[in-house]
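Here is what each chain is made of, one letter per residue.
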Amino acid sequence: MNYFKFTPCEALRPFVECYYVWQSEEGELLSQFMVESPPNGFCSIVFNLGDPYSIQSQKYPSLQVPLHFLCGQNIHSYKLILNGRLSMAGIVFKPTGLASLLHLPVYEYTEERVDLRQIFAPQEIEATADLLRQQQSANERARLLEDFLLKHAVDPLPQPDAIDEAACQIVASNGLLHINDLIRNACMSRRNFERRFFKKVGLSPKYYARIRRMSYIGNLIAGKSKVDWASIFYTCEYYDQSHFSKDFIEFTGRTPQQYLQENRELAHFVKKPREEPLH
Amino acid sequence: MNPTVNQQKELSLKNACVKFLFAYQQRNIEKMLSYCSADGTIDFEPLGNEGKGYIHELGKGLWTALIDSFPDLDNTVDAAVAEDEQTVRCQVVIRGTQEKDFAGISSKGRSFDSDHIFIFRLDPNNKINHIQVSWNHTDFQRQLGAL
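Sequences listed follow chains A and B, in order.
Heads up: the first sequence is residues 1 to 279, going by this note's numbering.
Heads up: the second sequence is residues 1 to 147, going by this note's numbering.
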């Protein structure tokens with residue numbers, strides 16, 4: 001299978017992490033193929049151009065996801081169960097992207113995959129999916145995703161505000177920062193900061209930082225069979241081992257060692273993609 | 001923006017719960033109660049049978065006493081997840097500094113910071129008709145110096 005990533009245009013960069021195209025090789029058919037992900041702190045819009053698939057999560061033992069959907073913040077690991085032909089194209093948003101660009105009530109979507117036809121005009125979603133199917137080039141598909149986004153984004157495009165910037169700082173630091181510093185830099189009361197952050201990200205700043213740290217750990221150990229836990233523990237600034245294990249169990253449902261031995265993250269199956277500019 | 005977005009906002013289950021918790025953060029009990037049905041019930045789980053009653057009676061009484069004893073009472077909503085079509089689970093951190101005796105715990109001027117789970121059940125009009133609140137009561141007592 002192939003996985004491509006593309007950088008958004010300059011104006012969208014404060015709100016969009018990337019576009020991606022993920023597809024199986026020509027003629028390759030999957031059978032009960034499972035890929036899992038710890039929560040990563042990003043929301044997305046996904047167009048499934050291949051066969052339907054299901055997910056397993058703490059909330060849903062088995063859920064056939066809508067063909068084209070919006071995925072809110074995940075707070076627990078989830079698994080994709082893929083069958084048949086794999087072909088997806090998606091927009092990955094920075095933490096405040098859905099709220100800032102599309103004015104969507106993002107906390108509504110936590111742990112949910114919502115049919116895009118409930119959010120946008122159904123005929124428009126079908127038309128966009130048709131256009132995506134007609135394009136064989138990954139770059140052209142990403143370009144169509146950007147067109148879709150620009151069409152639906154608020155006009156004029158917003159400038160990042162203090163909450164957008166604070167959320168991006170949490171992403172950039174992998175959650176390894178002090179929330180009080182962010183609040184001070186935003187020149188807001190803690191209450192106001194937390195409330196505005198929740199409305200734009202769907203989670204509290206501290207909780208979001210914990211998720212980003214867990215995602216970072218997931219990246220550090222992805223594809224490895226052995227890791228130096230002490231080094232990770234130190235790098236990720238945990239107070240103590242029990243705190244580290246507690247986070248692991250809370251977000252992934254497994255101890256660190258179990259996770260290392262059993263996880264089936266995408267990094268096991270595709271080469272790490274190089275992010276390309278749209279052209 | 002497509003009108004279906006607004007329709008979805010109106011149908012939101014989580015909205016009432018989050019507004020309830022924001023009103024709690026403002027220590028505005030009347031506003032909290034305005035999101036609840038008149039005969040709604042509450043279960044402060046760690047308190048056993050004494051923690052079961054009506055939102056407008058037991059809930060109002062307990063929150064009034066709590067705010068009186070912890071004048072800086074505050075909360076942070078970590079996440080809100082819909083469990084089914086009428087139930088929302090909210091992870092909330094509640095904190096405050098004790099200035100008066102509360103529920104048999106004499107004031108030593110200490111602060112607490114405690115993870116709480118609020119499980120809200122809503123009626124068809126999106127009014128909260130049941131709240132289950134759980135927390136680690138032993139840890140809460142320990143933080144306040146009662147154990």
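Any given hint could turn out to be false.
As the list claims (entries may be wrong) - Residues from chain A that keep clear of chain B, each with C-beta distances beyond 12 Å, as calculated:
(1) Q73
(2) Y107
(3) T110
(4) E140
(5) I179
What the hints assert, rightly or not - Calculated pairs, DSS-like style, for lysine-lysine (alpha carbon to alpha carbon, straight line, at most 27 Å):
(6) B:K127 - A:K59
(7) B:K19 - A:K199
(8) B:K31 - A:K59
(9) A:K199 - B:K100
As the list claims (entries may be wrong) - FRET-style restraints, in silico, Cβ to Cβ:
(10) B:G61 - A:L63: 50 to 60 Å
(11) A:D51 - B:D68: 56 to 66 Å
(12) B:K19 - A:I232: 32 to 42 Å
Don't read these hints as lab results, they were simulated from the structure.
Values in this document were obtained by computation on a predicted structure and should not be read as measured data.
Beta carbons are placed, not taken as given, at the ideal position from N, Cα and C, and that holds for glycine.
Evaluation of the provided hints:
Its beta-carbon lying about 8 Å from the closest one in chain B, A:Q73 breaks the requirement of being farther than 12 Å from that chain. Distance check on A:Y107: its Cβ comes as close as 6 Å (rounded) to a Cβ of chain B, failing to clear the 12 Å threshold; non-interface status is violated. Listed as a non-interface residue, A:T110 fails to keep its Cβ farther than 12 Å from every Cβ of chain B; the least gap is roughly 6 Å. Taking the minimum C-beta to C-beta distance to chain B, about 25 Å, the non-interface status of A:E140 holds against the 12 Å cut.
Non-interface call for A:I179 relative to chain B: violated, since the shortest CB-CB distance, roughly 10 Å, does not exceed 12 Å. Proximity of B:K127 to A:K59 is assessed by CA-CA distance (about 23 Å); at most 27 Å being required, the pair is judged to hold. Simply put, B:K19 and A:K199 have alpha-carbon atoms about 11 Å apart, close enough for the 27 Å limit, and the pair holds. Taking the CA atoms of B:K31 and A:K59, the gap is near 31 Å; set against the 27 Å cutoff, the hint is violated.
The hinted pair formed by A:K199 and B:K100 fails the criterion: a straight-line CA distance of about 34 Å is larger than 27 Å. The given range of 50 to 60 Å is broken by B:G61 and A:L63, whose C-beta atoms sit roughly 41 Å from each other. In this structure, A:D51 and B:D68 meet the distance hint of 56 to 66 Å, their C-beta atoms being roughly 60 Å apart. At roughly 40 Å, the beta carbons of B:K19 and A:I232 sit within the given window of 32 to 42 Å.
Hint compliance for this structure: hints 1, 2, 3, 5, 8, 9, 10 are not met, and every other hint is.
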